[in-house]
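Asks: Letter by letter, the chains look like this.
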Amino acid sequence: MNSLTSMLSTLQSALQAQQGAINVTGQNVANVNTPGYVKLNPILETQTGGNGVNLSDVQRQYNAFTFSQVLVQHGQLGAANQRSTALTQAQSILAPQGGGDISDEMNSFTASLQTLEANPSDPSARSAVLAQATALAQSFSTTATGLAQTQTSLLTQAQGVATKVNQDLTQIAALNSQISQAQGSPSGASDLLDQRDTLVTDVADQTGAQVVPNSDGSITLFAAGGVLLSGNTPSSMAVSLDSSGALQITVTQPGGSPTDVTSSVTDGALGGIREARDTDIAQTATQLDQLAYSFSNAVNTVQESGYGLDGVSGRPLFTPPTQVAGAAMNMAVDPSVAGQPNNIGAAASASDVPGGNDIAVQLAQIGQQSIGSGGTPAQWFGSIASQLGSATAQASTDASTRSDMVTQAENLNSSSSGVSLNEEMTNLSTFQQAFEAATRVLQVANQMLSDFMSTMSAAG
Amino acid sequence: MRITDAMNINTVLQTESQSSQRLAQLEATASSGVRVSQPSDDPAAFASIVQQTAQIATVQGRSSAATTAAGDLDLAGSTLDQATTLLEQVRAIAVAQSSGTGDASSRSNAAAQVDSLRQQLLALANTQGASGYLFGGTANGSPPFDSSGNFVGNSGVTHVEVASGVLAVSNANGAQAFTAAGGQDVFAALQSLSTALTNNDTSGIQASIGTIDASHDQVVAAEVDTGELSDRLHSASNAITTAVTQMQTALSSTSDADIAQTVTNMQATQTAYQAALQVNKQILSLASSVVGS
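Chains A and B, in that order, give the protein sequences.
Each residue of the first sequence is one higher than the one before, counting from 125 in our numbering.
Each residue of the second sequence is one higher than the one before, counting from 32 in our numbering.
Each hint should be verified, as a subset may be incorrect.
[To be verified] Here chain A is said to cover these stretches of chain B; the calculated rule only asks that three of the stretch's residues, wherever they fall, bring their Cβ under 8 Å from a Cβ of chain A:
1. 162-170
2. 184-194
3. 198-204
Hints in this document: simulated from the structure, not taken from any laboratory.
Heads up, the beta-carbon is just placed ideally off N, CA and C, and yes, glycines get one too.
Could you put the whole structure together from the sequences, leaning on the hints where they help?
Replies: Take a look at the structure:
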């Protein structure tokens with residue numbers, strides 16, 4: 125008798141265990157498309173004393189190594205993507221695809237001087253020189269302003285990234301404490317772990333991240349050269365500008381004072397923004413200032429030696445720049461000639477007015493002369509544009525390579541911890557068949573029991 | 032390796048996005064015909080394009096400046112040619128009146144003729160071109176000769192650049208053509224002939240023939256000089272036109288796309304894209320057939 129009833133309880137455990145396993149399969153299938161979902165494995169164990177089977181645990185098929193690779197690649201992709209986007213924008217400001225960049229304006233300026241050279245007393249030739257000088261100055265100024273605006277919007281973006289990181293850190297901290305509480309209950313924390321992994325991946329996208337698990341199930345998150353989060357105490361990140369106008373990124377631990385981590389931020393969107401803003405675009409802006417400074421001075425030196433139609437000399441064409449910084453943004457036609465085409469000095473002496481054109485010839489020659497370290501104005505601008513272009517091309521290639529590598533890392537991670545429907549379908553049939561078989565055995569046991577009962581009552 | 036459904040989908044998305052990106056790039060190149068439209072397309076080529084474009088713009092500017100200047104020089108040349116004709120007429124009058132047959136009344140008429148021719152010559156010397164008075168030097172904003180034939184211009188020279196660092200003179204020299212700077216003051220010569228004719232001064236008239244001849248030769252020499260200056264500008268302009276064609280060919284080879292190659296590449300990419308789509312469709316349908324079974 126003892127063995128018949130124990131058989132019933134054995135079968136009950138089998139039905140429960142297979143049903144539980146089918147539940148786990150159902151959970152896996154349901155989450156086949158959920159980002160960050162880690163496949164669950166039902167762990168079946170023989171019940172002690174040979175009394176059937178037990179669904180002892182539901183394990184997450186988590187692979188710390190492949191996941192850390194995903195984080196690394198996400199960090200680098202975030203940086204490459206941001207840099208590529210920012211530089212593409214900067215490039216379109218410096219050298220618009222439809223033309224009309226600084227070099228085009230320089231060519232028009234030179235052409236107007238050549239017309240003046242052929243006809244130095246012609247009022248329309250003089251007006252054209254002034255108009256082209258104004259257009260050239262504006263071109264320098266709008267390009268420099270455009271680059272500065274890009275830098276401003278990158279600052280706003282960087283601050284947005286810091287806000288996002290802070291939110292993520294707060295959530296991860298909350299999850300950390302929930303997870304350490306739920307530790308021990310089988311499968312209880314798997315959804316929390318999935319959520320935390322998704323948030324950590326997001327932080328990796330923003331700043332790059334590395335994760336070290338702690339014994340209580342919580343994690344310590346390293347990013348930007350330091351600990352951003354330990355257990356349930358998140359640090360907070362802030363972005364501001366330093367005295368030179370570059371991004372300054374600080375991390376404040378709870379109760380501590382802000383630590384400058386700027387130089388350690390190389391990964392994630394923040395790293396990409398920083399490199400594009402403070403290295404690539406800053407360099408282009410400085411080079412543009414140098415070009416504007418040298419060009420203005422070269423033109424002014426010649427122009428000041430020229431005599432206007434009124435026989436007066438010493439007037440610059442462009443407002444003389446006081447320093448290299450800001451020379452491009454502040455470039456403008458000097459008030460002493462603005463609106464007064466007759467004041468342009470084309471003649472080399474007062475007695476050569478109005479027909480003398482020596483100075484006009486010299487002005488027109490500037491376009492083909494070396495005006496400083498960068499060579500001729502066209503060479504100089506070409507090299508500025510080409511440097512930014514190289515950086516842009518490199519960033520864009522980098523972004524597509526990184527995108528491949530993220531796919532690869534995610535595939536590897538998915539391979540070890542993702543859901544495969546093939547596998548789940550096979551498991552489903554396996555568990556279903558076991559469930560059916562157990563039901564069969566139960567029927568038999570039931571039959572045996574009722575046979576026995578009827579025999580017993582007949583005998584009684 | 033264990034293959035999960037997410038991997039299949041990742042691979043499908045990745046290959047499709049790569050193919051479509053490449054296709055979009057080739058389409059842009061094929062439709063614009065330009066290989067380098069922004070610095071990142073080919074940074075080194077972009078720098079070279081900027082330089083070549085500036086070079087072409089500069090030489091084209093030189094060409095148009097030379098053509099404009101040559102226009103005024105040509106006008107100066109034909110003006111000087113008319114001046115020589117006038118001077119030949121004056122010489123004929125002087126020769127006719129220098130013999131004994133001339134009397135006071137015919138010489139007085141001749142004097143009026145010479146005065147009129149002198150006025151015509153004065154008008155020629157005060158001819159205006161596109162850039163101002165042709166013979167005023169750099170003081171070309173007002174008539175270089177006053178009504179009595181005194182020169183109020185200067186001998187200032189203007190230049191245009193015809194090749195890098197090479198300057199060509201771009202104005203006629205009025206002082207050399209008409210004033211004592213060239214050896215003979217033409218208007219003074221005509222004035223003294225007119226005076227001699229009015230005074231019925233035969234020896235004065237005979238003496239004038241020499242100065243008129245000198246004036247004539249001087250104007251002819253100026254015409255030749257002007258013609259040479261103009262020729263130099265014209266030939267510089269022609270040379271530039273030839274050079275520009277070569278430079279534009281060079282620029283085009285740097286910046287333009289090889290259309291045939293681009294289109295071929297595009298077709299190849301399209302085929303690859305279609306194949307990828309086909310394969311991807313099968314991969315995805317495999318996944319669904321697993322569920323169906």
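Asks: Decide, hint by hint, whether the structure agrees.
Replies: Evaluation of the provided hints:
1. 162-170: holds (count 6)
2. 184-194: holds (count 6)
3. 198-204: Contact hint for the region 198-204 of chain B vs chain A: holds, 3 residues under 8 Å.
The earlier numbered hints are all upheld by this structure, with none contradicted.
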